[in-house]
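Asks: In case you want the letters, here they are:
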Amino acid sequence: MIDKKKIVVCVAAVAFVLWSLIPIYFIGRMSFMFESEISASPMHWIPLQPTLSNYMRMLGFPADTPYGHMLPSGYSPPTLQGILNSIIVAVPVTGLTLLIAIPTGYAFGRYRFRGKNSSLMTILFSRTLPPVSIIIPYFFLFSQIALKGTIPGLIVLHLSITIPIIVWILIGFFATLPLDIEKAGRVDGCTRTSAIRRVVIPMAAPGLSAVAILTFLISWNEFLFAWILTNGTPAQTLPVVLPQMVFFLVYLSELSTVAMLSIIPPIIVGILFERYITRLRIVDPITVGGEFA
Amino acid sequence: MNRCLTDGEAKRMTAPKRGLTNEQFAWLLIIPLLIFAVGIVAYPLGYSFWLSLNKINFAIGMFEFDWFGQYATFLKDPNAAYYTLTSLRFTAESVVLCMGLGLAMALVLNEAFPGRRLVRVTTLLPWAVSEFATAVIWRYMYNPDLGIITGMASILGLQAPGQIITSDNAVECLSIAYSWHFSPLIAFFLLSGLQTVPEELYRAAKIDGAGALRRFWSIILPHLRYAILVSLVLITLEAARAVDIILILTAGGPGIASETLTYHIFRESFINLNMGIGSAVSYILLIIIVAIAIVYFLLLTRKK
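Top line first, the protein sequences correspond to chains L and E. The first sequence: position 123 = 123 (the numbering used here), numbered continuously. The second sequence: position 200 = 1200 (the numbering used here), numbered continuously.
Don't read these hints as lab results, they were simulated from the structure. Keep in mind that the hints are not guaranteed to be accurate.
[Unchecked claim] Calculated Cβ distances over 10 Å to all of chain E for the following chain L residues: (1) P23; (2) Y55; (3) M56; (4) T104; (5) P130; (6) G149; (7) L249; (8) G270.
[Stated by the list, open to error] Heads up, incomplete: computed chain E residues facing chain L, CB under 10 Å, no partners named: (9) L1020; (10) L1051; (11) L1053; (12) K1055; (13) A1059; (14) W1067; (15) G1069; (16) Y1071; (17) A1072; (18) P1078; (19) A1112; (20) S1130; (21) N1169; (22) I1228; (23) L1232; (24) L1237.
[What the hints assert, rightly or not] FRET-style restraints, in silico, Cβ to Cβ: (25) E:P1114 / L:I264: 45 to 53 Å; (26) E:Q1195 / L:I264: 28 to 36 Å; (27) L:M203 / E:D1077: 22 to 30 Å; (28) E:Q1195 / L:L52: 54 to 62 Å; (29) E:R1116 / L:S209: 20 to 28 Å; (30) E:A1072 / L:A146: 54 to 62 Å; (31) E:V1197 / L:A40: 34 to 42 Å.
Bear in mind the structure is a predicted one, so any value in this text is a computation, not a measurement. We put the beta carbon where it would ideally sit given N, CA and C, even for glycine.
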């Protein structure tokens, strides 16, 4: 009986691992192949002649291939620029999100006050607006005030995505931090603000770093707003470059390499911080929290 | 750990240190967010309502007041019902697939077996891959010449179909790819719910001779109630709003076979540049989504 259950669990675990990994492997293997091997039909499961030449050529170096010595790909400048822009956008988005979300998450998680539920609902409601609808008015506004195709414009829009999610996560997070230490700090003469700074923030540091990573990933992975606001401009981010390649016929070796460049950072982060990310859980924001008064 | 304060403690805590009550202090902390929330909710809502009342063609600079003409134009579109049904079909299929896969993953990950940590990390990965990259990957997975289905078929010695994505199964192809990306998140929500199931209760039921199904039904499921509801809310709202995956994987095709309301909004607004219709359809979609959200919200806040 127990053995039978063990077998089922193990088989299912293997199946889930395959299900999760095969698509990533599928695109990854293409990025290590020469063009002629990618178009082989039926597909090759393992590259016969593994090569790093695609990565070299996408990152701006020449490479030797069976087709001779090749210059960097024509998509290499936008890819490099895209990586740089994605970082230039994601870093301030992460900083500003934490700056706004930490006090708010703390207030919602720790205090009970009039209007709490309705302000909470406003935040959650913003999560129900379809991004494709939100972008229309912003497209008009940004065209008028010359923010279209700029990095600050994209940062503002990314904040509109990250802040509600991060606040929601932080509410549950602050509400489950032990209250006693903070109370002890208050009794010892800390003011409310210094108690937050000296007691709550250090206690929350591991969770806050997970939230920071999550924010960075959301911004790094965001596609629609970036596509509509920065497509074809010098401010375009990495997610914008990839679909450009999908819609215009390009070499699949180049396309799969850009795809890998876009998914490798999140995957590394996912592996390194799995423990923290999966510990963040969304708890009931209505019933939880509200301990001070 | 979150017990309420005794009167004495509360007095001491609430004693004004710099003239601010706790309530005022809390409001002070959330003011920046409220300003921001008004900006990101009220502005787009208000402005896009105004846009939806106009006949707009960005390409030729047309901007004419049209009352509710754009709504009428959409409702008169013979395909309007089809777009709506496609949205519902994609959402419903994604909800079923994600909840099913997520629950199965959570139940497996909750068991002890060798290499569990590795399996946990691996199952999380598709969620780290963004929605648009998921679409790019699956676009080539479904490719009839170099794709994985053809590759599998040739291993098994079968003849693969010449076309994988047809107008009959385009929505299913989309929801499978979407669930690949989204179900890990559901799995981890449910897993954190599963870990609250008291071990003794579970073991006692086992000793009493309750079968696996019965244990699942009467012990695990009640403890998962909240986690399941939150996951349902999340996946429904996300799937109803999803557009990246449709845009890149099928671009609404073949024909209009997988054109959801979100993709229709995108096509009208940013390909045909008819932003008036785009905004009008946005409002119709928003009403549907808010209606679903309200139902869920009532379920969530109902006293247990």
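Asks: The structure should be examined with respect to each hint, and the outcome stated for every one.
Replies: Now the hints, each set against the structure:
1. P23: L:P23 is in fact no farther than 10 Å from some Cβ atom of chain E, at 5 Å.
2. Y55: The claim stands: L:Y55 keeps its Cβ more than 10 Å from every Cβ of chain E (closest is about 17 Å).
3. M56: Its Cβ never comes within 10 Å of chain E, the nearest being 21 Å, so this holds.
4. T104: The claim breaks: L:T104 does not keep its Cβ more than 10 Å from every Cβ of chain E (closest is about 4 Å).
5. P130: violated, 4 Å
6. G149: L:G149 clear of chain E: closest Cβ-Cβ about 14 Å, beyond 10 Å.
7. L249: holds, 13 Å
8. G270: At about 4 Å from chain E, L:G270 fails to clear the 10 Å cut-off, so the statement is violated.
9. L1020: Because about 8 Å separates E:L1020 from the closest Cβ in chain L, which is inside the 10 Å limit, the hint holds.
10. L1051: holds, 6 Å
11. L1053: violated, 13 Å
12. K1055: This hint is violated: E:K1055 lies away from chain L, its Cβ roughly 14 Å from the closest one there, beyond 10 Å.
13. A1059: violated, 13 Å
14. W1067: It is violated, given that the least Cβ distance between E:W1067 and chain L is near 19 Å, above 10 Å.
15. G1069: Because about 17 Å separates E:G1069 from the closest Cβ in chain L, which is outside the 10 Å limit, the hint is violated.
16. Y1071: violated, 14 Å
17. A1072: violated, 19 Å
18. P1078: violated, 22 Å
19. A1112: holds, 9 Å
20. S1130: holds, 3 Å
21. N1169: Where the cut-off is 10 Å and the nearest Cβ of chain L is about 18 Å from E:N1169, the hint is violated.
22. I1228: The hint is violated - E:I1228 has no Cβ within 10 Å of chain L, the shortest such distance being about 12 Å.
23. L1232: Violated, because the Cβ-Cβ distance from E:L1232 to chain L comes to roughly 13 Å (cut-off 10 Å).
24. L1237: holds, 6 Å
25. E:P1114 / L:I264: 45 to 53 Å: With a Cβ separation near 28 Å, E:P1114 and L:I264 fall outside 45 to 53 Å, so the hint is violated.
26. E:Q1195 / L:I264: 28 to 36 Å: holds, 31 Å
27. L:M203 / E:D1077: 22 to 30 Å: At 56 Å between Cβs, range violated.
28. E:Q1195 / L:L52: 54 to 62 Å: This hint is violated: roughly 43 Å between Cβ atoms.
29. E:R1116 / L:S209: 20 to 28 Å: With a Cβ separation near 24 Å, E:R1116 and L:S209 satisfy 20 to 28 Å, so the hint holds.
30. E:A1072 / L:A146: 54 to 62 Å: violated, 35 Å
31. E:V1197 / L:A40: 34 to 42 Å: About 50 Å separates the Cβ atoms of E:V1197 and L:A40, which means 34 to 42 Å is violated.
Taken one by one, the earlier hints fail for this structure at numbers 1, 4, 5, 8, 11, 12, 13, 14, 15, 16, 17, 18, 21, 22, 23, 25, 27, 28, 30, 31, listed in ascending order.
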